[in-house]
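If you number the sequence shown the way the working numbering does, the last residue is 701 and the count never jumps.
Misleading hints may appear alongside valid ones.
What follows is a list of derived Cβ distance ranges for each label pair [stated by the list, open to error]:
| hint | residue 1 | residue 2 | range |
| --- | --- | --- | --- |
| 1 | GLU694 | SER637 | 21 to 31 Å |
| 2 | VAL649 | GLU694 | 28 to 38 Å |
| 3 | GLY692 | LEU657 | 21 to 31 Å |
| 4 | GLN667 | GLU639 | 20 to 30 Å |
Everything labelled a hint here was simulated from the structure, so no lab data went into it.
In this text, a Cβ means the ideal position worked out from N, Cα and C, and glycines have one as well.
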Amino acid sequence: MTTAPSTKTPKTPARPAQAPEPASSYEAALAELEQLVAQLEAGQLPLDQLLERYQRGAALLAFCRDRLEAVDKQIKVLEGGELKPWDAA
613 MTTAPSTKTP
623 KTPARPAQAP
633 EPASSYEAAL
643 AELEQLVAQL
653 EAGQLPLDQL
663 LERYQRGAAL
673 LAFCRDRLEA
683 VDKQIKVLEG
693 GELKPWDAA
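Using the sequences plus the hints, can you model the full thing?
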């Protein structure tokens, strides 16, 4: 007596949400981060949305820090390795 192969498909874990698009600019990332902070501070989100927004905020914060560090390095190169006081006059 032969048995037919099982036609049951194994359960696959739910796919994680797609990674959000990276920020297009420092300014766009900062604006989105400010919106996320306001949403988080309001305290009206379900737990899963809170976690998603927190993670997105952490990614945006890292992006902003990286951009600021890159600009800082470029300024140091332009200034001969030494940061000089900003003279806005």
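Can you let me know if the beta-carbon spacing of GLN667 and GLU639 is within 20 to 30 Å? holds, 21 Å
Cβ-Cβ distance between GLU694 and SER637: within 21 to 31 Å? holds, 28 Å
With respect to the beta-carbon atoms only, verify the hint that GLY692 and LEU657 lie 21 to 31 Å apart. violated, 49 Å
Between VAL649 and GLU694, does the beta-carbon spacing fit 28 to 38 Å? Holds: the Cβ-Cβ distance is about 35 Å, inside 28 to 38 Å.
Violated hint for the displayed structure: number 3, the only one.
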